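Keeping the supplied structure of chain A fixed, place chain B upon it in accordance with the hints.
There are 2 protein chains.
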Amino acid sequence: MEKVIDFINVNRDRYLDELKGLLAIPSISALPEHRDDVKRCADWCGAEMRRVGLQNVRLIETPGFPVVYGDWLGAKGAPTILFYGHYDVQPVDPLNLWESPPFEATIRDGELYARGSADDKGQVFMHLKAIEAHLKQNGRLPVNIKVMLEGEEEVGSEHLDDFIRAHKADLGADVVVISDSAMFARGVPSICYGLRGLVYFQIDLRGSGTDLHSGIFGGAVANPAFVLAQMIAQMKDRGGRVKIPGFYDDVRPLQDAERQAWTSLPFNEKKYKKDFGIPKLFGESGYSTLERTWARPTLEVNGLLSGFTGAGAKTVLPAVAMAKISMRLVPDQDPNTIAALFEAYVTSIAPKTVELKVTRMHGGKPWMASFDNRFVQAAGRAIEKGFGQKPVFTREGGSIPVVSTFQEELGLPSVLFGVGLPDENAHAPNEKLDISNFHNGIIASAILYQEIAGVGEP
Amino acid sequence: MEKVIDFINVNRDRYLDELKGLLAIPSISALPEHRDDVKRCADWCGAEMRRVGLQNVRLIETPGFPVVYGDWLGAKGAPTILFYGHYDVQPVDPLNLWESPPFEATIRDGELYARGSADDKGQVFMHLKAIEAHLKQNGRLPVNIKVMLEGEEEVGSEHLDDFIRAHKADLGADVVVISDSAMFARGVPSICYGLRGLVYFQIDLRGSGTDLHSGIFGGAVANPAFVLAQMIAQMKDRGGRVKIPGFYDDVRPLQDAERQAWTSLPFNEKKYKKDFGIPKLFGESGYSTLERTWARPTLEVNGLLSGFTGAGAKTVLPAVAMAKISMRLVPDQDPNTIAALFEAYVTSIAPKTVELKVTRMHGGKPWMASFDNRFVQAAGRAIEKGFGQKPVFTREGGSIPVVSTFQEELGLPSVLFGVGLPDENAHAPNEKLDISNFHNGIIASAILYQEIAGVGEP
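These protein sequence lines are chains A and B, in that order.
In the working numbering, each number is its position in the first sequence, counted from 1, plus 51.
In the working numbering, each number is its position in the second sequence, counted from 1, plus 51.
Keep in mind that the hints were calculated from the coordinates and are not lab data.
Check the hints yourself; a few may be wrong.
Intra- or inter-copy, both count: the list cannot distinguish identical chains.
[Stated by the list, open to error] Below, in silico cross-link-like pairs of lysine-lysine (DSS-like), each with a Cα-Cα straight-line distance of 25 Å or less:
#  : residue 1 : residue 2
1  : K90       : K441
2  : K325      : K408
3  : K403      : K294
4  : K325      : K403
5  : K321      : K331
6  : K219      : K127
7  : K187      : K54
8  : K54       : K436
9  : K441      : K322
10 : K90       : K71
11 : K331      : K403
12 : K54       : K127
13 : K408      : K331
Treat the numbers as computed from the prediction; the structure is a model and nothing was measured.
With the rest of the complex left out, here is chain A (with noise of 0.2 Å):
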């Protein structure tokens, strides 16, 4: 490990270089306009997986975005990781925010500043040049290695759950590797072992054929924005409970050894509040703000769009109003249940006043791996040895649905595997990836095929 360890060290800038030239591709998959960067987003890391010492490197179609797959199986006897990432992004707007172009990867105070930064090019590639690291050194890695990059996951993975079934046979292995998530602090290494599900929606009401003058006939007809805050107002009580019927029937109780676990983490709500300019938190009464996000069900609206919303006074009374709504589910609230339940809510509070379209967008469910599995624990050796820190046990808020559907369908562990910062701004402006947690990662990945390497066979 003492030579690999030592490449690794001394390739750091050659690392971020590379880095930059997968962070230019705007490889967006949510916009139609994009979709050929996406393509080539995929050709560059089928590329570069050659470059690293993969094999079997290949690009496998789906009915959307190809799956990027590349192997090293030359370790007989050892145990196989099935490393799972994705190569899409998350789109870019409201553009303006941003203090360096998004597809321009700029430094900045240690940071490295891009879309895809964290989420999720800069963790997949850190793996990437782990293994590059050790197959240049060694000429072989310590395990079997399955490489898997989708281009959809910020789309919700819409073919990828067909594409696991339909490659059952070729994605065999012992335990799933991910590295898309962040740590819990700047400083703290973390393994999670718990993420929400997810349900998305987009609702959209019509009040009449064309937009209307607002004094020709306000206060004669339905206002679709009007009833759309309405009928979202419905949606959770004055307490943050979210108020659909049967919506908490599933809801696993926390337990009193995990909430007293939480207390103990170094969660300054002070720092939160300033660090994301939240004037005052808000969320379910009865919880922490670790629980309210690691624990509990949340709905959220996501946007809002109707009439009128440029600068300046227009008065319109508008013909339609859309909201996009998600709501974030936990073990063992079922995604698809719990869109029926909206929908059914959705219906019944919309008035006969306003044509209503719901529509379902994409969905995983929720996931919680049990502590004591040998893979979980190896990854913590692994992290301790790259950041010289013990780590602490979380569970994140956001949603990665394959990892059920590795569970169910592979019947496989995953080990979540992330370097990322609670304020790496994923999804949102000036996305940044801690340039020192990017490199101790890399020497972390490459120490965790070696411990995984000596879990062997349970």
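Just chain B now, kept in the frame of chain A:
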């Protein structure tokens, strides 16, 4: 008058061609990128006023767009009309709903489609052509006339009150004539004796310094889009009544005679719903559709914007949310009083979890004329002769704030002599002007000058 009317009939086609030129100028006062177009439109109007034979034509600068002024004062001893209109137009979004380009006037089925065709360029042009007909055929007008056209009506006539106060002496007259309203229905010419007032606000909420990941933060931070929905929902009750304390205090109750008169108007609720694609009418309990739009105040959401509004799904917890909200006022509500009540209420219902900014955009007073005014009666006779039909007397739901200013600053009554139609799509895509009404309107305008000349001094 025979000669004048003959002239108008002979020149029918030319009028349309000329009007198309005026409608080709995208004089959208609300949008900074159309600043030069608005100015170009002022120049066009000035040139046209000279062409029709008006004198002393000039552009008078204001801190915003210029007022175009011209007069003909050769009718010694006859009354003086102050004609007011506007050469600016509303924005055109959503552009994709226009069946022909908004600034390429297009004739379909006897209607002239273009932004500004009805509101107000077409109706202004109607008077310029009536003036032209008198001057070309008789070398004189039966009355004195002062024409003033403003370029900021669609953005609240911000500088008009100051302008009128500053030019009191020059604007002296006996009556104001305005053609910026609609007939009650196709084939039912009307004189309007009441208008609603307006106050318009923008509300901005901020819940965090930047957009956040809805997974990582969802449930622990107030969602400004959700808070905005909650706040809007508190502005009106389920019966359509505005909940702002004191909002109805100064509302002049509807008189029985007025309610009675309106029930005899040819209003077809079924057709109204069908024409405007309205699933089910909705408004304040206890009032008919006409009463709701003409004699009752209302609060409307004119626009909503927050978070991700593109195609697809983005799991963002928005940093900010914006609403445009306006209120239509009736006698004797005062815009300043209502604005203060609104600001106080909005502030009182905003939770401390968000930063609130309330911006007052513009407003205008409601207005009501007395029936027996001799000029109003003269206008009724002109319309009857021009359209071959007795007019009905109506109020309107829209706002022309300058009508109150003319009353208060110059002591002048106004005659609202509009030839638009309720389905003209003012402020909406596919704005149109009925070509027969435009033509009959030119004749009626020419007759109106004659009738007002006959009324003379009181």
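Looking back at the numbered hints, which does the structure fail to meet, lowest number first? 1
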